Every structure is written in C-alpha cells, then in structure tokens.
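Asks: What follows is each chain in one-letter form.
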Amino acid sequence: MNRRESLKLLALALGATAPGALTAAGCRWTASDAERAARQAESARAEGDFSPSFFTDEEYETVRVLADLIIPADDRSGSATEAGVPEFMDFMVLDRVPMQGPMREGLAWLNAWSQERFGVSFPACAEAQRIELVEAIAWPEDADPALAEGVAFFNFFRDLTASGFWTTEAGMADLGYRGNVFVHEWTGAPKSEIERLGLSEAPWETLRRGERA
Amino acid sequence: MRHIVNPDIYDVVIVGSGAGGGMAAYVLAQAGAKVAMLEAGPMWDAAADGDMFTWNYTSPARGASSKEKPFGEFDGCIGGWEIEGEPYTRAEGTEWDWFRARMLGGRTNHWGRISLRFGPDDFRGYSLDGLGDDWPIGYEDLAPWYDKLDRLVGIFGNRDGFYNEPDGDFLPPPAPRLHELLVMQGAARLGIPVLANRLSILTKAHNGRVACHFCGQCGRGCATGSNFSSPSVLLPPALDTGRLTIVDQAMAREILTDEEGLATGVSYVNRNDMQEYAVRGRVVVLAASACETARLLLNSTSSRHPAGLANASGVVGRYLMDSTGASVAGIFPQLVGRAAYNEDGVGGAHIYIPWFGQDARRDFARGYHLEVWGGRDQPSYGFMGGIHTINNLFEDRPRGGGGYGMQLKQDYRDLYGSVVGFSARGEMIARRDNYCEIDPDETDQYGIPVLRFHVRWSDEEYRQIKHAQEASRQLVEAMGGEVLTPMPSEEDGYGILAPGRIIHEVGTARMGNDPARAPLNAWCQAHDARNVFVTDGAPFVSQAHKNATWTILALAWRTADRIVELRNAGAL
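Here the protein sequences come in this chain order: W and H. With the first letter of the first sequence counted as 1, position 71 gets the number 70 in numbering that gives the first Met the number 0; the numbers rise by one all the way through. With the first letter of the second sequence counted as 1, position 329 gets the number 328 in numbering that gives the first Met the number 0; the numbers rise by one all the way through.
Everything labelled a hint here was simulated from the structure, so no lab data went into it. Source: prediction; values computed, not measured. One or more hints might be untrue.
What the hints assert, rightly or not - With the C-beta cut set under 8 Å, the calculated list includes, among others, these residues of chain H facing chain W:
| # | residue |
| --- | --- |
| 1 | Arg176 |
| 2 | Asn341 |
| 3 | Gly381 |
| 4 | Gly385 |
Unchecked claim - Every beta carbon over 10 Å from chain H, so not counted as near; a handful from chain W, in silico:
| # | residue |
| --- | --- |
| 5 | Ser50 |
| 6 | Tyr59 |
| 7 | Asp73 |
| 8 | Arg103 |
| 9 | Glu115 |
| 10 | Ala127 |
| 11 | Ala161 |
We put the CB at the ideal spot given by N, CA and C, even for glycine.
For reference, chain W alone in the conformation it holds in the complex (with noise of 0.2 Å):
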C-alpha cells in the first residue's frame, strides 16, 4: 500500500489546501469514459477551439494566464497553457464539486481586486501590473494579513497548475521521469548518487543493527 498511500499523504501532509485534499467527492468517470475525455480535450486544443464546460469565458481567460505565470515556458519544457493545463483544470473543478466554489470565488477575487487596483480585470491588466497583483499573494508568509483570500485561492491554484503541468508528457520528461517501463534486472540506486550521499551499499547481513540475541 506504500506507495499509493504515499502519494495521497503527501498531499495531505503538505498543506490542507493540495487537491489531493479536495478530492473527497465522487468522481464518476469510467476508465474508457476518462480516456475519450482525455482524447477530446487533445484533439480540442490541437485545433485550437476548446471551450470550458466549468469556466466562463472571462474566468478561463483568467486560468490561462494566471496558470502560465506560475509555470512559464523555458528551455527544458513549456508553459502550463502549452500543457494543457487549463483544460485540466475545466474538467476536474466540473467532476469535483468541492472544488467548485473555492475555484468560482477566488478566480472572482481576483478580477474584482484587479478592478479595485487598477480599473481592469486580472487578463486585461498590463503585464507589469498583473506581477505586482500576483507578487503580493504567492507567498503566504510575507503576504498581507488583508489579502489572505487571495493567497489561499493562489496557493490552491498553483497546486492544481502542478497537476496538471508534471503529470504530462512533457511534464514527465522535464523531470527527468524514466519509470514505467519493462526493467530486464533491477540494480538499485546508481553509484554515483550513493556516493554523492555518502552511502554505502552494504550487504544486508552488516545491515540488522539493534538486533536481540
């Protein structure tokens, strides 16, 4: 069970705003259901016409540069809209309702503290005031008390970008995932990094310290 539990007490471990701690509702998909949904929302964004199911027009053009401020394209990978991030987003805030309102309300928090600052929604705002709007919520511990809002609807919105970002292909491949796959013979760790930790690979018999006789 380790590993499966680890993923989810991770999430949980890690702060109470992880999707993974927003998940309890039911989802309802079938596998083949997931896949075809899956397919869909590919050849949708190939050809370049996705329209949300969950978001208004004005909050998905929200979503897409809000995500790719927080994941920006570089030389190892692209950015979270070029992932497809935002129609990840679309399709797990429809299938999770708890997530719904936390969505719904901080996406309007946002636009409405845009208008109060500088007249604007958050997309329509130039690029440097869209970094001052952002500068002031993505870190909690330096945050404004007043803005807690906003940095609690920040902090789960860049946890759902991360989602939907590394658990693509692209995503895998810039972290460097080389798993799931047929592996002939297992030989552990490379030497290299047990030395780098300075690590030994001792045989298990030197191993059973604290042992009773």
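Keeping the supplied structure of chain W fixed, place chain H upon it in accordance with the hints.
Replies: For chain H alone, coordinates are given in the frame of chain W:
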C-alpha cells in the same frame, strides 16, 4: 425465504475468492473435491482489466483518487471504505471504517504484498503480558504451512535470524533504492534495525510464473502475474482441475442449516438479476473477510442456532482488530536535485523496519513496524501539492515559501523525490468490547441486515502510536531531514488513524479450545457446526503488528488440509 436452488450438491461451498477462499479452493479442488465459490463482485483479470503501464496523462484526472477508487484512478481494486448500496453503521462514540473489495480475488488485489510470518511471540501474547488471549496453536504448528506457502507463491527476503521475524524460503531481495539506503544509514545511527523487505513478488521466475519487471505498479494489477493475488496464483490451478465453479456477482445472505444444525449450503443474491439463489454443499468454508464472515454467521439464525451459526459462545463479531496506523514524512536536502533515473522498483518498499523495542522500557504493550515510502514515482494528480510549505526549507528565501514562475518551476524539479515517509503499523490488543453485530434497523440494497460497529482504541494503542511518532521523527532527524508535520497532540490521538483504515481486519470468530470462549476450534472449524470452517482473518486470536495475509494463507492451507483429512476419515 424461497430460493432458486442449484440442482448440484457440491462437496464444498466457499464464500469469498480472496486469500482464504482462493487457498481453500486450491487445496480442496486439487484433493478431488467438487467446489462452488461465491464471489460478491465481478470476474476480473489483471491482464485484460488492469491498468499496468497506463500513463497518468492518458486520463484527464491524471490518476486522482475518488470515493470509488480511494487508492487512485488506476488502482486495481474495486471497492473502498464506502460502497454504494452497502452501508454499515457505528455505535455512537465509536469508530470503524470498513474496507471491502468486490471482485474476483477480493483484497488480494489491493494489498502491499508485505508477507510477514507471525513469530513465536505473536501466538502467545497473553502469556507474555497478560493481555488478550494466547492462540490454541503456536508458531511451530503453523510453520510447515508457511514453508509450503513460500515455496508455492514465491516471496523475496533475506534470512536475517531476527527476533520474532521467522525467516522463510526466500527469493533474492531487490537492492534498496537511494532513499532507502539513506533510511538505513539514519537507522544505524539510532541502532534501529533495517531488514530486506519480505514481499510476495517474484524477483526470479518461479513455478511457471515470470519474474517481476520492476514497474512499481503492483497495485494496478500485474498483467504478468509476477506478484501474488488469488487469481494469479491460486485460482488457475484450482480451475484446471475442472472441479471449481466460480459464481460471480453472488452476494451471500446466510448459511443454510438442517435440523441437526449442520450447514447444507449458502443462500445468496445474484446481483445481475437480484433474485435469491441457494447453492448446496456438504461443507461450508467462509472466507468473506473477517467482518463479512461474522455478518454471515450472525445472520444465519435458526432454532438450533438462535444467536447465529457458530455463536453459542456469543463471541462471533467480538475481538475485532485492525492494525494501528500513523505516518510521518520528512524532506531531505541530500535528495534535492537528484539525478534522473528509473527507481520504480517493485510495488512497495525494498526495506522493512521490524519491531525493535522488545527490550526497551516502554509504557505500552506489543509493538509496531515501520513501512518506508518515497522516491521518484510516476507523477500523478496531487503532485507536490503544498509546495509553498517546503520550497524555502533548504534555501534562504527572504519572502518565505511559495512563489511562481521560473524559480518555482525549478523548485518542482529539484524537490521531486526528496520526501521520505514512515508509516507505523502496530498491534491492537484483542478486546471483547471491540465488536460488530447485526444492526436491527438497517439492511443493504439486497435486503441483508448490515453490521453495526463498536470499536475504540485504548490507551495501549495511543501510547504505542505516540512512540512510533517519536521514533519516526527521530529517524527523519538522524537522516538529516526536516519533519513536515508537527507532532500530533494527545487530543488528536497522536495522529492515529481510525480503526479499519489500515485494512488489516481480523478477529470476529476466533480460534480457541474452549467452546464457551471461542467460535472455532484449533483447526478453524466451528465448535457447534462441524462442517463449517473459516479461512479468512476471522480466526485470528491476536493481530500482531504484521500484515495479515501471509498468516491468513498459511492458516487457510492448514484448515483445508484438515478438511481433506476429516473427509477422508469419514468425519465430514
């Protein structure tokens, strides 16, 4: 109740297709018995129905868990703690979360393949500390079946000679992963032992089954059958005899009895047509899971068995146990920015931390072991959630954790695989007051009365988990890491999970030589109905801190051998 009665009369009717039912069918069909097996869920074939090697990105949910799939979208187990149409209740102020699998092979599709033998101490807890009861058998009585089991199924491990952790007939253990070597180094500093894990996964081809290919996805169902599940190891040879009939979608209602009080068969609801059926047999073997078996016995009332079959003692449903459980995770600077390589390994830890406090002064009875997790798993939904709480731990960030943009993107890469966790699994003391009974007011969608649970942890379990929390935190520190969560308070039960969460349910129909104190005799045969046997976790007198499956299997084999012996002697 009227039934559609199967015209055949079987030698044995088995309820359940998991570890206990699969083993009973394996032995009895090969011994020449005509066997009918009832399974409450559908047929399931890991090769055809499982999701091994499925990439998480093929689904828009990216492998996320749900109520229906609590261990992730691609997990191979159909079931969970909540099943639509199959409720259970809890007495006020008590807890129990009941995990059920509904599929061929039952919970052998779910477990972590941690295959530990109970040791000599685990059969004589009462003699050692005055709590619970001793088993009517000792380690030496069961050892021959553990030996046969190792050889049949295949298990890796190292012959350690460690106290109360009897060695088996092991295949070679896989070398530890990087973070596991780090655990070994930290544990050595504290004098905490680390053994090679003991998992029923084939590191070499074994008995016609191919070796593991180290994809780490045992939980999705192994398409090559390289780990143990009932359908990968036990059911095929039983089916090959031509004497095993598996009836799927069959939700058992009660055990039918005659005027003498002996079992004549089992009635069930066919989930396909919701009609009532009955299958007749000369012997009935219950292997439906400890609690489902108790429910069946308690629902099988008659003039000869007014309190339920095998329940003259009033003990059926009592002494229900799970393992205690709590987890601690740490993050390790040495593991930040690791090299990229495949470290999937087998589906579970390659190392095992056995109970190490036998000789230490302590304020609780019995012990626990620690299961280790971590590594660069295939990213799935929830990947590095809560990163804002950790990405400033090893680097001075003037504004604290969190952020966005290029720095954040690099943080994900660097921190991937830097978390290692410990999950304690400890022994719960068997107590009469922890029990399940029939709820007089509620039935499930099949009209079968449901269970009502009454389970509470005692101070023994709370103090044990406090110790495990402290030891795990010391381990994280000795390894040079930072613990990710504060020590839970006494009010929070030191972080102990609700009983039932570890899915090691045992007890409810314990073995014992005294019919007034135990439903089953030392051969897992009902004291008051000689043709009724139990081969799941229900016969356990105590739980040990050990994952129950290996002992369920060994005990089931011993029980099945006994059935053959009694039948051949004309005693059944």
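Asks: Would you check whether the claim that Arg103(W) is not at the interface survives, using Cβ distances to chain H and the 10 Å cut-off?
Replies: Correct as stated: the minimum Cβ-Cβ distance to chain H is 19 Å, above 10 Å.
Asks: Beyond 10 Å from every Cβ of chain H: is that where the Cβ of Glu115(W) lies?
Replies: 21 Å, holds
Asks: Please check whether the beta-carbon of Tyr59(W) is more than 10 Å away from every beta-carbon in chain H.
Replies: Consistent with the label, Tyr59(W) stays out of reach of chain H, its closest Cβ about 16 Å off (over 10 Å).
Asks: For Ala161(W), is the shortest CB-to-CB distance to chain H above 10 Å, so the non-interface label stands?
Replies: 6 Å, violated
Asks: Hint validation: Arg176(H) versus chain W, beta carbon distance must be below 8 Å. Holds or violated?
Replies: 6 Å, holds
Asks: Holds or violated: is the Cβ of Ser50(W) farther than 10 Å from all Cβ atoms of chain H?
Replies: 15 Å, holds
Asks: So Asp73(W) supposedly isn't at the interface. Is its beta-carbon more than 10 Å from every beta-carbon in chain H?
Replies: 6 Å, violated
Asks: Can you verify the interface hint for Gly381(H): is its Cβ closer than 8 Å to any Cβ in chain W?
Replies: Since the shortest Cβ distance to chain W is 4 Å, the answer is holds.
Asks: Examine each Cβ of chain H, and state whether all of them lie more than 10 Å from the Cβ of Ala127(W).
Replies: 14 Å, holds
Asks: Let me know if the C-beta of Gly385(H) comes in closer than 8 Å to any C-beta of chain W, holds or violated.
Replies: 3 Å, holds
Asks: Classify the hint on Asn341(H) as holds or violated, based on whether any CB of chain W lies nearer than 8 Å to its CB.
Replies: 4 Å, holds
Hint compliance for this structure: hints 7 and 11 are broken, all remaining hints hold.
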